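Go by the hints and put chains B and C onto chain A.
Protein sequences, first through last, are from chains A, B and C.
Okay, so the first sequence: first residue is 753 according to my numbering, each after it adds one.
Okay, so the second sequence: first residue is 9 according to my numbering, each after it adds one.
Okay, so the third sequence: first residue is -3 according to my numbering, each after it adds one.
Worth flagging that the hints you see were computed from the coordinates, not collected in a lab.
You may find that some hints are simply not true.
[Stated by the list, open to error] Derived CB-CB ranges, DEER-like:
| no. | chain 1 | residue 1 | chain 2 | residue 2 | range |
| --- | --- | --- | --- | --- | --- |
| 1 | C | Val8 | B | Ser65 | 32 to 38 angstroms |
| 2 | C | Ile103 | A | Val754 | 23 to 29 angstroms |
| 3 | B | Lys96 | C | Leu4 | 35 to 41 angstroms |
| 4 | C | Leu39 | B | Asp57 | 47 to 53 angstroms |
| 5 | B | Lys96 | C | Val149 | 38 to 44 angstroms |
| 6 | A | Val776 | C | Val8 | 40 to 46 angstroms |
| 7 | A | Met753 | B | Asp57 | 52 to 58 angstroms |
| 8 | C | Val71 | A | Ala852 | 23 to 29 angstroms |
In this text, all values refer to a predicted model and were calculated from it rather than measured experimentally.
All C-beta atoms in this analysis are idealised placements derived from N, C-alpha and C, irrespective of residue type, glycine included.
Residues per chain are reported as follows:
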Amino acid sequence: MVSERTLMLIHYLTGLGILVAGAVHIGTVFLTAPVKENLEFSGSPFSVMGVYRNAILAASLEALLLFVAFHAFNGLRVILIELYQSPRWERAVTWILTVAALLVVIYGTRTILIAYSIAQGVA
Amino acid sequence: MSGASEVLLRVYRYNPSNSGKPHYQNYRVPTFRGMTVLDALIYIKENLDPTLSIRYSCRMASCGSCGMTINGLPRLACFTQISELKSKYILVQPLRNLPVIKDLVADLDEFFNKHRLVKPYLIRRDVEEQENPREQYRQSDEELERYVQFAYCIKCALCYSACPVVSTDKNFPGPQALAQLYRYYIDTRDEASEERIRIVNNAHGIWRCHFADSCSQVCPKGVDPALAIQLMRREMMFGPSRG
Amino acid sequence: MAGRRNGLAVLVEALRTWLIPYRYGLERWSYTLQRISGVVITLYFVAHIVETGYVVGGPSVWTIRPDAQQYAERVWTETIKFLSNPLFDAGLAIIGFFVAFHTINGIRLFLAHFGWGLGRPTRPEPMHRPQSMSPIQRALFWASIAFAVFALVYTIDAFFGVLA
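Chain A with its partners taken away, still in its complex shape (with noise of 0.2 angstroms):
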């Protein structure tokens, strides 16, 4: 079992990490040219595949998928272990959130690796 410090320890840690691709994720789509023009398939650097042709950028969403979803999904368990308590509960919903937290990791590491190699021209 990793101990509740650990796991805290985490959290807070991810917490800072978004604090930096967050920030990156954010800037790109809103601070580097109308939301507009961003929010378009191509063309400016900044646009849906604009991100991904850049390694560093498309490497920092990875990032940033990785550290929201344990810091959310540590986050619903502390909400829902302090809802009611019984070992069941706490055995249940630590792991249907594990479970669900990888689904999620999972499934959104696909997207970036597919959206990756569109826009390196692999398709």
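Relative to the frame of chain A, chains B and C by itself:
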């Protein structure tokens, strides 16, 4: 009547032996300058309704037995003047987050059990010294300052009643117990740091504090349980004997 | 209390304490807002992963299709068209508000949870003010509100162009 001023007390009534349901009862009480809510409740008991149950002892915020919810906030009845509430209408309920024994008397058993859980006493590794101490332990003013504030706690359970985590998480030790944990942890005479950390490093332990600061807001003795918990958490993250 | 608590009573009690911060001061409001914003951002996050997943083909596609680029461009354009209406734009503005609040208040809690910026324990004098409500903490709370309002206005402006 002199003063001629009156307040309306709306008091929570519940008597389990009558198989009665909780309900509220109104009392009109004449006030005087400096009258506390406890004075008003004693007036009700002596003149209007002897069946009302209250628990009190010292009447000077030293014993911590008259904690109750007054106009929505946990307060000591003896330490709350009617004039400071600035209202002609006073709602008096038992402490939240605790079972009710009768009327305004809350059952503090679980609160005291959680206090016991953190071993609120000095622990020495030397068993002989623990049982029959011979030495004197000198502390500097600075070492005393680190914990003396938290030693002012009178165990009135107001912080426990205010805590939003305690209200749903029955295994959370609560602000009072965690503050006392820090008070002994940081005491230079105590030698049980690892043990103390082990007690609260679990899924319902110290990490469940979210710093809503309601405990410090309601403490009648100026103890700052929220501060103690955060300082304890710092020790557990970076301290010499972290968990 | 324990033992007699049924599911609905637990939920009602929990929501009552979590969502009604009234009377307990600023920090209790920050606790409530942090919790609400966390849950809302989580929902948005999952929805965002699902929505972007459909652009490259949805849950059944795990390889790169021959027409991947054309397919993605078509679905993306359709999705953007579907999502560009005042309802979703307003929703996004609220998400912006919550993200901004959760960020700055999160920094405040990060510092506080490690005992930074809280002051030192002193001997309590009468009418003592808790050290844990330090000016730095107060300032950071108001900064998180201010930043959240700024994000709200900025997002509304980005989508509706009211300030232009």
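Next on the checklist: For the hint 23 to 29 angstroms, verify it against the beta carbon of Ile103 (chain C) and that of Val754 (chain A).
Outcome noted: holds, 25 angstroms
Checklist entry - Per the hint of 40 to 46 angstroms, is the separation of the Cβ atoms of Val776 (chain A) and Val8 (chain C) within bounds? => result holds, 42 angstroms
Checklist entry - Do Leu39 (chain C) and Asp57 (chain B) keep their Cβ atoms within the hinted range of 47 to 53 angstroms? => result 51 angstroms Cβ-Cβ, so the 47 to 53 angstroms window holds.
Checklist entry - Within 35 to 41 angstroms or not, the Cβ separation of Lys96 (chain B) and Leu4 (chain C)? => result holds, 36 angstroms
Item to check | Supplied distance hint 32 to 38 angstroms, evaluated on CB atoms of Val8 (chain C) and Ser65 (chain B) | outcome: holds, 35 angstroms
Item to check | Cβ distance range 52 to 58 angstroms for Met753 (chain A) and Asp57 (chain B), holds or violated | outcome: Since the Cβ atoms of Met753 (chain A) and Asp57 (chain B) sit about 55 angstroms apart, the hinted range of 52 to 58 angstroms holds.
Checklist entry - Given a hinted range of 38 to 44 angstroms, is it respected by the beta-carbon distance of Lys96 (chain B) and Val149 (chain C)? => result holds, 43 angstroms
Checklist entry - Does the hinted range 23 to 29 angstroms hold for Val71 (chain C) and Ala852 (chain A) at CB? => result Holds: the Cβ-Cβ distance is about 25 angstroms, inside 23 to 29 angstroms.
In summary, the structure agrees with every hint in the numbered list given earlier.
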